[in-house]
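Novice: Construct all of the structure, not just a fragment, from the sequences and the given hints.
If you're matching them up, the sequences are chains S and Y in order. Read in order, the letters of the first sequence are residues 1 to 213 in my numbering. Read in order, the letters of the second sequence are residues 1001 to 1531 in my numbering.
Treat the hints as calculated values from the structure; they're not laboratory data. From the three backbone atoms N, C-alpha and C, an ideal C-beta is built for every residue, glycine too. Check the hints yourself; a few may be wrong.
[Claimed, not checked] Quick list of simulated restraints, FRET-style, between CB atoms:
id, chain 1, residue 1, chain 2, residue 2, range
1, Y, I1065, S, A149, 45 to 51 Å
2, Y, M1370, S, S24, 36 to 42 Å
3, Y, G1230, S, D92, 33 to 39 Å
4, S, A46, Y, K1191, 56 to 62 Å
5, Y, L1324, S, D92, 37 to 43 Å
[Stated by the list, open to error] Counterexamples of contact, computed for chain Y against chain S with all Cβ distances above 12 Å:
id, residue
6, T1020
7, K1278
8, M1319
9, S1344
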Amino acid sequence: MTSASSLARAGQQRAKRTAIRVASVGVLMFGFAFALVPLYDMVCNAIGLNGKTNTDAYSYDSARTSVDKTRLIRVEFLTINNDYMPWKFYADKSSVRVHPGELKTATFHVHNPTDRVMVGQAVPNVAPSQTARYFHKTECFCFEQQRLAPGESLEMPLRFLVDTELPAGIRTISLSYTLFDASDYASPEASGLENQVGLGQTVPTQEVIGRGQ
Amino acid sequence: MAEATASTHIEHSGPDAGITRWLYTTNHKDIGTLYLWFSFLMFLFGGVLALVVRAELFQPGLQFIEPQLFNQMTTMHGLIMVFGAIMPAFVGFANWLIPMMVGAPDMALPRMNNLSFWILPFAFAMLASTFLMPGGAPDFGWTFYAPLSTTYAPDSVTFFILAIHLMGASSIMGSINIIATILNMRTPGMKLMDMPLFVWSWLITAYLLIAVMPVLAGVVTMMLFDIHFGTSFFNAAGGGDPVLFQHVFWFFGHPEVYIMILPAFGIVSHVIPAFSRKPLFGYSSMVYAMAAIAIMSMVVWAHHMFTVGMPTVAQLIFMYLTMLIAVPTGVKVFNWISTMWRGSITYETPMMFAIAFIILFTLGGFTGIMLAIAPADYQYHDTYFVVAHFHYVLVAGALFGIFSGIYYWFPKWSGKMYNEGLAKLHFWLSFIGFNLTFFVQHFSGLAGMPRRIPDYALQFADFNMISSIGAYLFGFSQLLFLFILVSAIRSGKPATQEVWDNAEGLEWTVPTPAPYHTFETPPEFKSRRAH
Chain S
1 MTSASSLARA GQQRAKRTAI RVASVGVLMF GFAFALVPLY DMVCNAIGLN
51 GKTNTDAYSY DSARTSVDKT RLIRVEFLTI NNDYMPWKFY ADKSSVRVHP
101 GELKTATFHV HNPTDRVMVG QAVPNVAPSQ TARYFHKTEC FCFEQQRLAP
151 GESLEMPLRF LVDTELPAGI RTISLSYTLF DASDYASPEA SGLENQVGLG
201 QTVPTQEVIG RGQ
Chain Y
1001 MAEATASTHI EHSGPDAGIT RWLYTTNHKD IGTLYLWFSF LMFLFGGVLA
1051 LVVRAELFQP GLQFIEPQLF NQMTTMHGLI MVFGAIMPAF VGFANWLIPM
1101 MVGAPDMALP RMNNLSFWIL PFAFAMLAST FLMPGGAPDF GWTFYAPLST
1151 TYAPDSVTFF ILAIHLMGAS SIMGSINIIA TILNMRTPGM KLMDMPLFVW
1201 SWLITAYLLI AVMPVLAGVV TMMLFDIHFG TSFFNAAGGG DPVLFQHVFW
1251 FFGHPEVYIM ILPAFGIVSH VIPAFSRKPL FGYSSMVYAM AAIAIMSMVV
1301 WAHHMFTVGM PTVAQLIFMY LTMLIAVPTG VKVFNWISTM WRGSITYETP
1351 MMFAIAFIIL FTLGGFTGIM LAIAPADYQY HDTYFVVAHF HYVLVAGALF
1401 GIFSGIYYWF PKWSGKMYNE GLAKLHFWLS FIGFNLTFFV QHFSGLAGMP
1451 RRIPDYALQF ADFNMISSIG AYLFGFSQLL FLFILVSAIR SGKPATQEVW
1501 DNAEGLEWTV PTPAPYHTFE TPPEFKSRRA H
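Specialist: Right, dumping it as C-alpha cells:
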C-alpha cells in the first residue's frame, strides 16, 4: 500500500510537470493566433492572395525599367461604395491601355455630399488575383485616408505601372476600389495639416485635404 | 500533496450526501456523470432550437418566426450542439473511462477537473441569456464570420465572446488533465502502444484541443477588440481584412470537427471487437491513422473557403490535402469492417449504433470528398448539401458514437441493465428519423437550396417537409432515450459482473457497479502484444 501510494505521488508530481508543459503550449498557440495577422499579410503580399496590391509606394526607376512595346494591357477601373458610404466616387476613364513597364496616371474623384466632415479610405483589389504582384503603384490615394469637409470634392491621382514580367496570357487587369467610411478609424495623418505636408508624396491632393480642416 | 495523503486515509469512503457531493467533487466518475448529464441537457436544448428551425421550414413562406429569430435559432443550435452537447459528452466519457482504462485511481489533477466542469454551466447560462437581451441572441451563424459578428452583430455578441472564452478555458483545462493522466498515471507495464484505443483517441484529441482552442480564444479576442476598442483586425476600412477572420476561424474550426469525431472513433473501436468477439483488427494502424488524421486536420482549413477568391494553386493544395485525409480514415473504416469479418456478431444496441456509425459516417465522408473538390464546391458551397454532409458526420458520426458508448458502458457504470427492447426501438427511431431528416437535404442542396434561410423556393417544398417530419421523429425519440436511462437507473435489472460476453479492458475488471474509488492500487497489466 505504501509503495502504491508513493508511486501515485510520484505520478502526480510528474503529472504536474506535464500539465505545465502542455499549458505553455496553449499559451504559445494563443500568441500564434495573433501572429497569424502579420503572417497573413505577408503571405498576401508575397503571392498576391485576395488580389491585394502594394500598400506602400513602389519605387520607380525609369532608367532601369524597360517598356515592352509589343504588348498592350487593358487596365479597367472600378469604383464601389461600401455599405452606406454616401460619397460620390468615380474614375475619369473606365479603362486605359498601357504597355508593360510604362508609367501611367489615372485620375479619380470623390465628393462628400453630406453636411459633416468625413474620412474615406479606398481599399484596392486586383483581378485576376495572380496579377496583383505585377501591378505596381508608385502613387495612390489608397495609401492614405481622405478627409473631406461638407460639400468638398477632391481629385485623386493614381500612378502605376504593369510589370514587364506579367504572364503572357493576361491582357486585361481589373483594378477595383471599394470606398469605406473610415471616420471612426481616422488616422492622425488624415486629421492634421502638419502631418499631411510631411508625407510630401501627393502634394496637390494634400493641399485640398488641408483646406478641408 | 495534501489531498493525496488525505484520500489514502479515507479510502473506500463513499461520496458526500446532497448537492455538495456534486459541487465539491473531485471524483472522476462524479465529474464524468456531471459532464454527461450536462451535455444531455444541452443536447435537448439545442434540439429544441433545431425543431423550431424545422417547423419554420416545414412549408415555404414564413409561418412561425421572423427571419431575425430564425437566424438566432440556427446560430444557437450550432453553438450549443458543438460546444455544449458533443464536446462535453466526450469529456464525460474521458472522465469516466480514462482512469479506469489505464488503471489509475483518478484523473491527474482532480481539482482542476472540478473547475473545468463547473465553468461550463456559467458559460452556457451566459450564452442562453442572450435570448432575453434586446437585439436578441447571436444571429451570425455558428461560424460567426466577421463582419456579421462584428460590425453588424447584436449587442449580445459580447456575452457570446465571453461564453466562448469560458468554454475554451474549460476545454483546455480538460485537455491538460487528460494528457497529464494518460502520460503519467498508467498502471505499471502499460506502454503507450498497449493503451486502449479510446485512450489513444483522447490523447490525440487533447493535443488537438491544446493546439486550436487558444486560436479560437484569439479570434474572439480580436472580435472583442474590433467591437469595443476600435481596432480593425477584420475591418477593411481600418486596414484589416474580413477574409483573415475566416482563415483564423477555420484554423481552429477544421481541427475542431476532428476533435468531435476522434473520441467516437475510439468508442466504436471498443464496441465493434466486443460484439464481434474478435480482437480489433490492425491496432497500430488505427493509432497511426488517428495521428495522421489529427496532423493533417491542421493544414486543410481553407477548403471551407474555396469561394473567397483564392489563387488556383492554393485551392489545389488544400483540395489534395483534404482528399488525402480520406486515406487514414479509410484505413479505420476497413479495420472496423475487418474486425467484424467472420466474427460471431450479436446485435445488441451498442453494436447497432456502432454499425450505423460506420455506414453513415462513411456516407458523410464521401460527401466530404465531394465537397473537397474545389471546382465542384462552387456549386455545393453554403447549400443544404453541406448541411447534410456535416450532420452525417456529426450526428450519425459523433452522436451515434456517443449513444453506442453510453449503452455499452452504462451497465458497468450504474450496475443496472437498460431495457434492450426499448433501446432497440430508440435505435431504429433515431436511425430512420436521422436519415429522413438529412438524406433528402443532399438533394435539396444539389438543387441549390441555400442554408441559413427561413424561406425557400417552391421546388424544395417536398424535401423540406420530409426533412421536418424526420427531425421531429428523431427529436422526440431522444425523450425515449432519456426514459430508458432514467428507468434503468431507478428500476433496471442488476447488470452482471462481466456485462457483455467478450468486453476487453481494465474497466471491465472492476465490480458492477463500478465502485466510487477504483484502482487505488495499480492493477496487474499483461501486454497482449509481443514487443
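Novice: Compare the structure with each hint and give your call.
Specialist: Evaluated hints:
no., hint, result
1, I1065(Y) to A149(S): 45 to 51 Å, "holds (46 Å)"
2, M1370(Y) to S24(S): 36 to 42 Å, "holds (40 Å)"
3, G1230(Y) to D92(S): 33 to 39 Å, "holds (35 Å)"
4, A46(S) to K1191(Y): 56 to 62 Å, "violated (45 Å)"
5, L1324(Y) to D92(S): 37 to 43 Å, "violated (51 Å)"
6, T1020, "holds (24 Å)"
7, K1278, "holds (34 Å)"
8, M1319, "holds (16 Å)"
9, S1344, "holds (39 Å)"
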